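Chemist: The whole structure should be built from the sequences, with the hints applied where relevant.
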Amino acid sequence: MADLFVNGIILGSIITLGAIGVTLIADILNFFNFAHGDMLSFGAYMAFFFVGVFPSWGNFPFLSFGPSMILAIILAMIITAAFALFFDKILFKPLRHRGASELFLALSSLGVAFIFRSIIRLVWGPQAKYFGGLQMARRYPLGITIKPDEFFIVGTALFLVIVVYLFLTRTKIGKAMRAASDNETLARITGIDTERVVNWTWIIAVSLTAAAGVLYGIQVQLRPIMGWNILIPIFVAVVVAGVGDLWGAMVGAMIIGVSQELLTGLLQDMFNSLNVDVLMTAYKPAIAFVLMIIVLLFRPQGIFGTGE
Amino acid sequence: MLSYFISYLVMASTYSVAALALNLQWGFTGLMNFGIGTFYFVGAYASALLTTTASPDYVGGFGMPFIVGLVGAMAISGILAYVLAYPALKLRGGFFAISMLAISETIRLIVKNERWLTNGVWGIRGIPQPTRALLGANLAEWVYLGLAVAILIIVYRLTEIGVRSPWGRVLNAVREDEKMAEMSGKNSWHIRMQSFVFGSMIMGVAGALYAHYIGFISPSSFTPLMATFIVWLMILLGGTGSNKGVIVGAFVVWGVWIGSEFLIDFLPSGVTSKAGFVRMLLMGILLDVILLIRPQGLFGREKVISKLGGKSEM
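Protein chains in written order, with the numbering used here: chain C, 1 to 308; chain P, 1001 to 1314.
No lab work stands behind these hints: they were computed from the structure.
Any given hint could turn out to be false.
With a straight-line cut-off of 27 angstroms between C-alpha atoms, the simulated DSS-like cross-links for lysine-lysine are [unchecked claim]:
#: 1; chain 1: C; residue 1: LYS172; chain 2: C; residue 2: LYS93
#: 2; chain 1: P; residue 1: LYS1090; chain 2: C; residue 2: LYS284
#: 3; chain 1: C; residue 1: LYS284; chain 2: P; residue 2: LYS1112
Between beta-carbon pairs, the in silico distance windows are [as the list claims (entries may be wrong)]:
#: 4; chain 1: P; residue 1: GLY1259; chain 2: C; residue 2: ARG138; range: 50 to 60 angstroms
#: 5; chain 1: C; residue 1: THR171; chain 2: P; residue 2: ALA1075; range: 50 to 60 angstroms
#: 6; chain 1: P; residue 1: VAL1143; chain 2: C; residue 2: PHE298; range: 49 to 59 angstroms
#: 7; chain 1: C; residue 1: GLN268; chain 2: P; residue 2: TRP1122; range: 44 to 54 angstroms
#: 8; chain 1: P; residue 1: GLY1259; chain 2: C; residue 2: PRO61; range: 50 to 60 angstroms
#: 9; chain 1: P; residue 1: GLY1120; chain 2: C; residue 2: PHE298; range: 31 to 41 angstroms
#: 10; chain 1: P; residue 1: PRO1268; chain 2: C; residue 2: TRP124; range: 42 to 52 angstroms
#: 11; chain 1: P; residue 1: VAL1121; chain 2: C; residue 2: PHE5; range: 28 to 38 angstroms
#: 12; chain 1: P; residue 1: GLU1261; chain 2: C; residue 2: TRP124; range: 19 to 29 angstroms
#: 13; chain 1: P; residue 1: TRP1142; chain 2: C; residue 2: ARG98; range: 38 to 48 angstroms
#: 14; chain 1: C; residue 1: LEU267; chain 2: P; residue 2: TRP1122; range: 24 to 34 angstroms
#: 15; chain 1: C; residue 1: LYS175; chain 2: P; residue 2: TYR1086; range: 22 to 32 angstroms
#: 16; chain 1: P; residue 1: LYS1112; chain 2: C; residue 2: TYR140; range: 26 to 36 angstroms
#: 17; chain 1: P; residue 1: PRO1268; chain 2: C; residue 2: SER101; range: 53 to 63 angstroms
Some chain P residues judged to face chain C by a derived CB distance under 10 angstroms, without partners named [to be verified]:
#: 18; residue: TYR1082
#: 19; residue: ALA1085
#: 20; residue: ALA1088
#: 21; residue: GLY1093
#: 22; residue: SER1099
#: 23; residue: LEU1225
#: 24; residue: SER1260
#: 25; residue: VAL1278
#: 26; residue: ARG1279
#: 27; residue: MET1280
#: 28; residue: ILE1290
#: 29; residue: PRO1295
#: 30; residue: LEU1298
#: 31; residue: PHE1299
Because the structure is a prediction, the values reported are computed rather than measured.
All C-beta atoms, glycine included, are put in the ideal place defined by N, C-alpha and C.
Modeler: Below, the structure written as structure tokens:
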């Protein structure tokens, strides 16, 4: 049980990085970015490319990779964010200026999702890729097993969340972003450059999701469909928390991560004892979805939303 | 060559049926259904299980005639849509789209994993094509083409009658201004539910049409690309809100899709294995180009949809 909980935290920290981006874009740019998952995959594959290009500088103690991975993550974040800015320039910005509706923007992001995914498949093929060798999990009390890499995953996610928090609260542009998310018209009246806010929203949102992709790839493997599959839990985390709530998105992501792992375990035990032949692990993504429906039925504005 | 052309017409008609259904939901009611695959799966499997001969591997088949399969596909899709409407239609806009996407992925998981019901990844084979046993494969193709076109015409007529009726005007009203529609005494939830359920039943029919034509279905039959995305492309190209337009859109997009298969023959051999991804890339680009350059599609929405309201205009 404790082991499942820990697994949930690891998954939750990956979902967190995606969810912060989705909630920022939904709040400031006013649409759900359906390309977010495929941008996550793209980030992972970019890092895969760079790790392959760089010389081997040895591995960190305990971990299955070395300094080249850190560099690869940073480059993957920068390049994926640059791609997102490119798509904003040629696609989202013109649509925005035409006054396209929220749903139109969401639809166009679905097109972008397919563009990213087919590029990944064209360049790297449909087969699964691995960053490095398989790593043995270590045993801890309470039956918890953790791979050393997974400490890195949670640590990096936490580090990035702190960086984003500092960015949003301490820098001028970060404060402008929060102002724009609170009240866009007011922000514009007070002289905030909204295009700059938009660009920084993309940079923050997409570089985080690229990092999430790399971390996800380290934990499991890289597949072109990985981002599309984790997109639903990411969306659910955002929706459950209420759009625009950064801390809520984190909590939502942890709730989704932990409940996916714990509930699949618990329900599997229950079905086993009832002699019902169901493979619950196959339904992990469905759990996030059922959770979202339950929350939305009782609190349509999300758990933390104020329903303004 | 001729058989290729018949196959194109059958598939394009099948997609047209789905496009009309999506047009009813999105074009007229504003429901952003990103989970068309849900109803393809349900319709295709319902019809397949009803019509195939008994198998020890899964529930059924029941060996029923084609028409029972078709009606069953409609009924089960409709019931599922009705049940889903309760939680999902409480959600608006993007939230609804997300929930539809999540439902379709959940349905895919069920189809993949519940072997007793669907035979899992092995899929269902030997789904009968009407009159094939009687007339032979060649003639049966023609019969099936006739059937598909007939169903397309029926669905087209029904949706045209529907959207031009007072009910259709309420759909428009709910899409354009829900509060206003409510103030005029229309129960907007009810209206959206009806549109969602009707549309989903038609999508179920499209799934069944596909299953009986190909003769085999499996969890990979309806990927998000081939099930949901391509239908969106069809209605956007043809013109959201125009029933004629979305049929043209379906025939054009399916033509481009099939036509690009011919181009693969001209590509160097190293690239051919990746040609499917090139097509996928082109579809993604095409969607965004349409949204940018011609958001109203080829035909665009008719501003006036009732004869009583004056001349119809583009």
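Chemist: Each of the hints needs a verdict: does it hold here or not?
Modeler: How the hints compare with the structure:
1. The suggested pairing of LYS172 (chain C) with LYS93 (chain C) holds, with an alpha-carbon distance near 23 angstroms, which does not exceed 27 angstroms.
2. Annotation: proposed proximity of LYS1090 (chain P) to LYS284 (chain C) holds, straight-line Cα distance about 24 angstroms (limit 27 angstroms).
3. For the suggested pair LYS284 (chain C) and LYS1112 (chain P), the alpha carbons sit about 14 angstroms apart, so the restraint of at most 27 angstroms is met.
4. Under the hint 50 to 60 angstroms, the C-beta atoms of GLY1259 (chain P) and ARG138 (chain C), about 56 angstroms apart, fit the expected range.
5. Distance hint for THR171 (chain C) and ALA1075 (chain P): a CB-CB separation of about 58 angstroms, consistent with the stated range 50 to 60 angstroms.
6. Between VAL1143 (chain P) and PHE298 (chain C) the Cβ separation comes to about 52 angstroms, which falls inside the hinted range of 49 to 59 angstroms.
7. The beta-carbon spacing between GLN268 (chain C) and TRP1122 (chain P), approximately 24 angstroms, falls outside the hinted interval of 44 to 54 angstroms.
8. For the pair GLY1259 (chain P) and PRO61 (chain C), the supplied restraint of 50 to 60 angstroms holds, since their beta-carbon distance comes to about 57 angstroms.
9. At about 35 angstroms, the beta-carbon gap between GLY1120 (chain P) and PHE298 (chain C) stays in the expected band of 31 to 41 angstroms.
10. Between PRO1268 (chain P) and TRP124 (chain C) the Cβ separation comes to about 19 angstroms, which falls outside the hinted range of 42 to 52 angstroms.
11. VAL1121 (chain P) and PHE5 (chain C) have their C-beta atoms about 31 angstroms apart, which keeps the hinted 28 to 38 angstroms range intact.
12. A C-beta distance of roughly 23 angstroms is found between GLU1261 (chain P) and TRP124 (chain C), which places it inside the suggested range of 19 to 29 angstroms.
13. One distance hint, 38 to 48 angstroms for the beta-carbon pair TRP1142 (chain P) and ARG98 (chain C), holds here, with the actual separation near 47 angstroms.
14. A C-beta distance of roughly 26 angstroms is found between LEU267 (chain C) and TRP1122 (chain P), which places it inside the suggested range of 24 to 34 angstroms.
15. For LYS175 (chain C) and TYR1086 (chain P), the hinted distance range of 22 to 32 angstroms is not satisfied, since their beta carbons lie about 42 angstroms from each other.
16. A hinted range of 26 to 36 angstroms holds for the C-beta pair LYS1112 (chain P) and TYR140 (chain C), which are about 34 angstroms apart.
17. Under the hint 53 to 63 angstroms, the C-beta atoms of PRO1268 (chain P) and SER101 (chain C), about 43 angstroms apart, miss the expected range.
18. Against a cut-off of 10 angstroms between C-beta atoms, the interface hint on TYR1082 (chain P) is violated, since the closest Cβ of chain C lies about 16 angstroms away.
19. About 12 angstroms separates the beta-carbon of ALA1085 (chain P) from the nearest beta-carbon of chain C, more than 10 angstroms, and the hint is not met.
20. This hint holds: ALA1088 (chain P) has a C-beta 8 angstroms from the nearest C-beta of chain C, less than the 10 angstroms allowed.
21. Annotation: GLY1093 (chain P) was flagged as interfacial toward chain C, and the flag holds, the nearest CB pair being 6 angstroms apart, inside 10 angstroms.
22. Look at SER1099 (chain P): its Cβ gets to within about 7 angstroms of chain C, closer than 10 angstroms, so that hint holds up.
23. Contact between LEU1225 (chain P) and chain C, as hinted, is supported at the beta carbon level, the nearest pair being about 7 angstroms apart and thus within 10 angstroms.
24. The restraint placing SER1260 (chain P) at the interface with chain C is violated, with a minimum CB-CB distance near 13 angstroms, outside the 10 angstroms limit.
25. Interface restraint check: VAL1278 (chain P) against chain C, minimum CB-CB distance 7 angstroms, threshold 10 angstroms, status holds.
26. For ARG1279 (chain P), the interface hint holds, the least distance from its beta-carbon to any beta-carbon of chain C being 8 angstroms, beneath 10 angstroms.
27. The beta carbon of MET1280 (chain P) comes within 4 angstroms of a beta carbon in chain C, closer than 10 angstroms, and the hint placing it at the interface holds.
28. Because the smallest distance between the Cβ of ILE1290 (chain P) and any Cβ of chain C comes to about 9 angstroms, under 10 angstroms, the interface hint for this residue holds.
29. Of the supplied interface hints, the one on PRO1295 (chain P) holds, with its beta-carbon coming within about 7 angstroms of a beta-carbon of chain C, less than 10 angstroms.
30. Hint status for LEU1298 (chain P) relative to chain C: violated, with the closest Cβ pair at about 17 angstroms, above 10 angstroms.
31. Nearest Cβ of chain C to the Cβ of PHE1299 (chain P): about 18 angstroms, over the 10 angstroms cut. The hint is violated.
Of the numbered hints given earlier, the model fails hints 7, 10, 15, 17, 18, 19, 24, 30, 31; all others are met.
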